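Chain order of the listed sequences is A and B.
Each step along the first sequence adds one to the number in the numbering used here, with nothing skipped, and position 515 is 700.
Each step along the second sequence adds one to the number in the numbering used here, with nothing skipped, and position 51 is 82.
Errors might be hidden in some of the hints.
Unchecked claim - Computed beta-carbon distance windows for the label pairs:
1. B:133 - A:209: 43 to 51 Å
2. A:471 - B:184: 41 to 49 Å
3. B:160 - A:602: 21 to 29 Å
4. A:707 - B:109: 48 to 56 Å
5. A:487 - B:116: 32 to 40 Å
6. B:108 - A:386: 49 to 57 Å
7. B:85 - A:298: 27 to 35 Å
Said to hold, decoys possible - Calculated from the model, a selection of chain B residues having no Cβ within reach of chain A, i.e. all distances over 12 Å:
8. 83
9. 86
10. 87
11. 88
12. 89
13. 134
14. 135
15. 136
16. 142
17. 144
18. 147
19. 150
20. 187
What the hints assert, rightly or not - Chain A side only, calculated, beta carbon under 8 Å to chain B, not exhaustive:
21. 274
22. 290
23. 293
24. 562
25. 565
26. 566
27. 569
28. 573
Bear in mind the hints are in silico, worked out from the structure with no lab data behind them.
From a predicted model like this one, the values you see are computed outputs, not experimental measurements.
Here a beta-carbon is modelled for each residue, glycine too, at the ideal position from N, C-alpha and C.
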Amino acid sequence: MAIPPGVSPADFEAAIAEFADVVGAEWVFTDEDTVDTYRDAYSPLRGEAEEKYASAAVAPTTVEQVQAIVRIANRYSIPLYTISTGRNLAYGGSAPVYSGSVVLDLKRMNRILDVDEDLAYALVEPGVSYFDLYRYLRERGIRLWIDCADPGWGSLIGNALDRGAGRTPLPYRDHFGAHCGMEVVLANGDVVRTGMGALPNAGANWQAFPYGAGPLADGLFAQSNFGIVTKMGFWLMPEPEASMTGRIRARRHDDIIPLVRTLAHLQYSGIVNCLYSLNSPVFTGPMDERKSALLDRPNGGSAAEWDDYAASLGRHFWETELRFYGPVGVMQAQWAHVKERLSAIDGIELEDGDVIRFPLTDDQIRRLGDPGAFGVPSLNVFSSQQGTTGHLDASPMLPHSGRALLEAHKVYLREYRDAGLPLTLGFAMSYHTRAFIMFHGVTLTLDPEENARARALYSRLIQVSGEHGWGIYRAHAAFMDELMATYSYNDNALMRLNETLKDALDPNGILSAGRYGIWPRHLRRARA
Amino acid sequence: MTHRRTTFDGAAAARRALAVLGFSLALATTGVLADPASSADSAWLPLPAQRDAVPTDPLEKRGQEVFDQRCAACHGEIPDDVFGARFLPPMPGTQALEARYRGELPAALEARTDLTPEYIAAVVRDGLRSMPFFRPTELSDEDLAALTAYLTRERGGD
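One chain only, chain A, in its complex shape (with noise of 0.2 Å):
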């Protein structure tokens, strides 16, 4: 059996009897082949020395129970690792970032405990999946949407804390903007109600107003170790009547720099509400000779180079799709009005899509060609790393920036070519309010070799992003430390004050050690 560092087998033994004492002999796994299953099935240190184990796991189904695990965890000193459902793969999956923590396994406290049809809430505890969500709306014909993550076998409540977000209108695509009202077990075992919910009499208003009065605690679960979080609540949107699309294609370089001011206004405006996505053809399309050389012209090469190469290739520089979701009158006001405010471009394109009317039928369900843009969830996503033993995911965050959006473009390109790797996705996603993400995948293999230099890529963007103030806003497990130490502002005073609620919050450092950079203070390496 393998044993967390610095805990004497003896207290090991009885602290893996007082949890099965607990949860049940059947619910704590110290097998080697159990254990295994808390790998991360995508890790980049794959079978190398570094890689992440844990050793052992524990799956309680209560609030009491997890308190009493932390009871024990405390006596014993045992590091402790919590997971949702354990599904967040390219950003550490199941694997504790220290290795030789417990997993804290919450997949099987999964009660929906409340749907509020008028008030358009639920409130989950961690376990539950987005099938879970969607299958017990469905099946009780309640006219409400979720938004999902992509892999709909994620957690609610484990992807809002990892502020993940999904494919229908705002707020409700911001998981953890979306969500209202939290229930935290403490490192000490006490239980924390955020907002309304600190009201002993709450009842629906926990769901109703975020802020409650005080400090607004929630931010601190989120990204962190600082507590163990056991229900969130999550605002749903009503089933809206129709949903439409209209594409959009510009022909030059520079044409992305009124484009995006457009459509950022709209969306400011409350117009433009969807998911939308800015690729480029030129930029995302195969790297060659010219393309190469062109990067390596003062500032990337000219808006006038730029045009020339895409001329030659016959594309136009940019594309996206909006979508639009409500009454059929509105939609088509809406799709107007971003015609002819657009239309200002020269030479851009406008198409009318298809009109989609809900509810939809099994039949429809079972055959949609993007569940994710209507809160269907699937594992579609999957199909986008055929080939490959698992990805990364780099996320830099970029403001509504026609101008930072072509920067980027150019940097992220000479990184991949520098590296001598292929650039993966690389458009910009409007998943928030106020930026872009501009994903980024790096595939991984189960070569240590080439996993390496997709290590060192990823640590490259890291820093680049970094440096230009697009700072990574989710990272993989084994890049917490990078990641946190690019927040750096006045000697990473951030970080002292994460390491300062660290120590209050949970002194004994048993909560999901180095998680976002966060270590306990007997873990803690001087910083450079």
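Given the structure of chain A, go ahead and fit chain B onto it with the hints provided.
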């Protein structure tokens, strides 16, 4: 903490397969199905599966349910046509096996007759290429035994 095995471990797979077979025998003789980590309420499908033919053997019937709940979202039949705009292809598992076998073997797992319990158990618990592995809190050993019984059942010729 020491570094442990990372590639396919034949001994571990054999241990696992024996455990699965043990469960199969136990379940086949008692006909009792344990409380599943996989259930209709936790299925990885947006809608209940539609089945024309259901096995009569209770273990194989349960295996078919487990397939629907845990496998079908990736390894189901590719729909003939899609509704609405297409974003990513459906059925990534079936697509991957189609690309791999190029017609030498069926791409849909339920059409395969060459699978063994050992192989299925190894892939489910160890993963394969971009398919991740599954834990007992998601798919219990009992349900894995039912799944292997279903995918390796005797089938009449057509």
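Structure-based check of each hint:
Checked against the given bound of 43 to 51 Å, the beta carbons of residue 133 of chain B and residue 209 of chain A, roughly 47 Å apart, stay inside it. Roughly 47 Å separates the CB atoms of residue 471 of chain A and residue 184 of chain B, a value that falls within the hinted 41 to 49 Å. Distance hint for residue 160 of chain B and residue 602 of chain A: a CB-CB separation of about 27 Å, consistent with the stated range 21 to 29 Å. One distance hint, 48 to 56 Å for the beta-carbon pair residue 707 of chain A and residue 109 of chain B, holds here, with the actual separation near 53 Å.
Take residue 487 of chain A and residue 116 of chain B: their Cβ atoms lie about 35 Å apart, and the range 32 to 40 Å holds. With their beta carbons about 52 Å apart, residue 108 of chain B and residue 386 of chain A fall inside the hinted range of 49 to 57 Å. Judged by the Cβ atoms, the range 27 to 35 Å given for residue 85 of chain B and residue 298 of chain A holds: they are separated by roughly 33 Å. With a least CB separation of 15 Å from chain A, residue 83 of chain B remains clear of the 12 Å interface cut-off, as annotated.
Look at residue 86 of chain B: its CB is around 22 Å from the nearest CB on chain A, clear of 12 Å, so calling it non-interface holds up. Distance check for residue 87 of chain B against chain A: the nearest CB is about 26 Å away, which clears 12 Å, and the non-interface claim stands. Every Cβ of chain A is farther than 12 Å from the Cβ of residue 88 of chain B; the closest lies at roughly 26 Å, confirming the non-interface assignment. For residue 89 of chain B, the shortest C-beta to C-beta distance to chain A comes to about 22 Å, beyond the 12 Å cut-off, and the non-interface label holds.
Remark: the non-interface label on residue 134 of chain B is consistent with the geometry, its nearest Cβ contact in chain A lying 17 Å away (cut-off 12 Å). Annotated as non-interface, residue 135 of chain B keeps its C-beta farther than 12 Å from every C-beta of chain A; the closest such distance is 17 Å. At the 12 Å boundary, the C-beta of residue 136 of chain B stays outside the reach of chain A, the nearest C-beta of that chain being 17 Å off. Listed as outside the interface, residue 142 of chain B is consistent with that label: its C-beta sits roughly 19 Å from the nearest C-beta of chain A, beyond the 12 Å cut-off.
At roughly 25 Å, the least C-beta separation between residue 144 of chain B and chain A is larger than 12 Å, which holds for a residue marked as non-interface. Look at residue 147 of chain B: its CB is around 18 Å from the nearest CB on chain A, clear of 12 Å, so calling it non-interface holds up. For residue 150 of chain B, the non-interface assignment is confirmed: its Cβ lies about 16 Å from the closest Cβ of chain A, beyond the 12 Å cut-off. Every beta carbon of chain A lies more than 12 Å from that of residue 187 of chain B, the smallest distance being close to 28 Å; the non-interface claim holds.
Taken as an interface hint, residue 274 of chain A checks out: its beta carbon lies about 6 Å from the nearest beta carbon of chain B, inside 8 Å. A cut of 8 Å between beta carbons decides the hint on residue 290 of chain A: the least distance to chain B is about 5 Å, and the hint holds. At about 6 Å, the closest approach between the beta carbon of residue 293 of chain A and any beta carbon in chain B falls short of 8 Å, and the interface hint on this residue holds. The interface hint given for residue 562 of chain A holds, since its Cβ lies 6 Å from the closest Cβ of chain B, which is under the 8 Å cut-off.
The interface hint given for residue 565 of chain A is met, as the beta carbon of that residue sits about 4 Å from the closest beta carbon of chain B, less than 8 Å. About 6 Å separates the beta-carbon of residue 566 of chain A from the nearest beta-carbon of chain B, less than 8 Å, and the hint is met. The closest approach between the C-beta of residue 569 of chain A and any C-beta of chain B is roughly 6 Å, which is under the 8 Å cut-off, so the hint is satisfied. Annotation: residue 573 of chain A was flagged as interfacial toward chain B, and the flag holds, the nearest CB pair being 5 Å apart, inside 8 Å.
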